Amino acid sequence: MLAVGLAAGFAMHRSDFCIAGAFRDVFLFGSTFMLKMTGIAVLAAMALIEALRVTGIAPSVAGGPPTLGNLPGGIIFGFGMVLAGGCAVGILYKTGAGNASALAALAGAVTGSGLYAELHPALLPFTTGALGTKATTLPQLLELSPALPAGLTVAAGGWFLFRMARKGELSRGGSARGYIEPWITASLLALLTAGAVAVTGMPLGITTFYAKTAAWLENLAAPGHVSSLAYFGAAGFKLTTPLGIEIKGGAGPVFDSIALIQGATIAGILGGSFLSSLALGEFRPRFAIPARHYLTAFAGGVILALGARIGFGCNVWYVLGGLPAFKLQAVLFTAGLFPGAWLGGLLLKRLI
Amino acid sequence: MADEPVKEILLDLRGQICPSTLLVALREMNALRSELKAKTVRIIILTTNRDSTVTIPGAAANMGYEVSVETEEDAYRIVIGLHGD
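As given, the protein sequences belong to chains A and B, one line each in that order. FYI, the numbering used here numbers position 99 of the first sequence as 338, with every residue one higher than the one before it. FYI, the numbering used here numbers position 30 of the second sequence as 40, with every residue one higher than the one before it.
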C-alpha cells in the first residue's frame with residue numbers, strides 16, 4: 240500500500256489532480272474538465288473491478304447496504320472539501336508538496352474525527368438507519384448481473400471519451416514543470432484502486448486513519464476518556480480479503496490492520512508528492528498566507544471529517560472505489576457531493 | 011493612449027489556498043476590464059499553484075487578453091495583458 244500511495248501522490252501532484260476541484264469547479268467556474276477526468280478514473284476502475292469479479296479474483300467490494308447517513312454525509316463532506324481546498328487525499332498530496340493551508344486542513348480533519356467520536360452515540364441511530372433494502376449494489380437491487388450495467392456504462396463512457404480524444408479535449412496542455420495530463424493520472428488511480436480491491440477487498444481508504452490519529456493524540460492526554468468512547472472501541476472493519484487474510488480494525492488507538500493499510504497509503508501519498516515537488520524544485524513551504532485561509536482550511540477539514548464519518552467513507556472510498564462497483568452507498572454519497580460542493584463554493588467566494 | 015506607460019499590478023499569491031489564485035485573478039480581470047482592453051494595464055500573478063498555470067491562461071484567453079506563463083525559480087509568473095512592448 241506504500242507503493243500504491245507513492246505512485247498516487249506523485250501523479251496527483253504532477254497533474255494537480257484535485258477531486259474537490261472537480262466537483263467545485265462545475266458550480267464555481269462552470270468547468271467540467273476535471274469532473275470528466277474523475278469520470279475516467281471511475282470508468283476505468285469499473286472495467287477493472289468487473290474483470291476482477293468475473294475472474295473470481297475479487298468477487299465483491301467491501302461495504303454494506305445503504306443507510307440514512309450516506310447522502311447527508313456526502314453533502315457535508317462535499318461542503319467541507321471545498322472549504323478545505325482538497326478532498327481526503329487532496330489535502331494529503333498538497334501537504335506533501337509543502338502547502339501550508341492543506342496542512343491546516345489535515346489538522347482540521349484529525350480534529351473533526353475526534354469531534355465525531357464525541358457525537359457518535361447521538362448520531363449513530365440516525366446514520367445507520369436502514370433504507371429498506373439489503374442490496375449493497377445497484378445490480379443487486381435491480382436483480383441484474385453487474386456485467387450488464389458495467390458493460391453499458393463503460394461502452395457509453397468509452398464512446399464519449401473517444402469523441403473527446405478526437406476533438407483534442409482530453410489534453411489540457413499544462414505548462415507547469417513535469418506536468419502529467421490528468422487522464423493519465425485518472426487511469427493510474429483506477430489501476431491502483433483495482434489493485435487495492437484485488438489485495439484487500441476494499442477500495443483505497445484514508446479517513447479512518449485520521450480518526451485513529453485523533454484517538455492516538457487524545458490518548459496521550461486523556462486515555463480514560465478515549466477508552467470510554469464507543470466509536471474508538473468499535474471495529475468498523477471486519478472482512479476477509481481475496482487472499483484469505485482476516486482484516487479487523489477501526490478508529491481506536493491501536494496498531495491494527497487498518498492502521499497498517501491506511502497508514503501506509505497515507506505515508507505513500509505524502510512521500511510521493513513530496514518527492515515529486517522536490518524533484519521539480521517546487522518544495523518551498525510558504526506559511527505567510529492570510530490567516531483566513533488557515534481558518535477556512537481548518538474548518539473545512541473538520542467538516543470534511545464529520546461528513547466522512549456520517550457517510551461511512553470519503554470520496555476516495557466511494558467515488559474511486561464504490562461507484563465503479565455500483566455500490567448504493569457510493570451512489571448516495573456521490574450524489575451528495577454535488578450540492579455540498581455547490582454550497583461550499585458559495586461560501587468560499589465570500590471568504591476568499 | 012498608446013504612448014502611456016503600461017501600469018503593472020503585481021499579485022503575489024504564492025502558497026494560497028486553492029482556488030484563491032483563480033478567484034483573485036478573475037476578480038482583478040473583471041475590475042480592470044476597461045484598462046486591460048485599452049492595454050494600459052498588465053496583471054502579473056506569482057503563484058505556486060500548478061493548476062493555475064492552466065486555468066488562469068484559459069480564462070484570460072477566453073476574455074480576449076494576451077497571456078503568458080513563465081517558470082521562475084520559486085513560482086510561476088502569469089502575465090495578463092499587453093505583451094511585447
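To be clear, the hints were calculated from the coordinates, so they are not data collected in a lab. What you are looking at is a predicted structure, and each value in this text was computed from that prediction instead of being measured. A portion of the hints provided could be inaccurate.
Said to hold, decoys possible - Covered by chain B, according to a simulated footprint, are these stretches of chain A (three or more residues, beta-carbon under 8 Å):
id, stretch
1, 350-362
2, 480-494
3, 559-572
As the list claims (entries may be wrong) - Chain B is faced by these chain A residues, among others (derived, beta-carbon under 7 Å):
id, residue
4, Asp255
5, Gly324
6, Ser414
7, Gly417
8, Gly463
9, Ser466
10, Leu468
Unchecked claim - Take a look, some chain A residues computed to stay more than 12 Å from chain B by CB distance:
id, residue
11, Gly260
12, Gly325
13, Leu380
14, Thr392
15, Gly440
16, Leu587
We put the beta carbon where it would ideally sit given N, CA and C, even for glycine.
If you check each hint against the structure, which ones fail? 1, 2, 3, 7, 8, 9, 10, 11, 12 and 16
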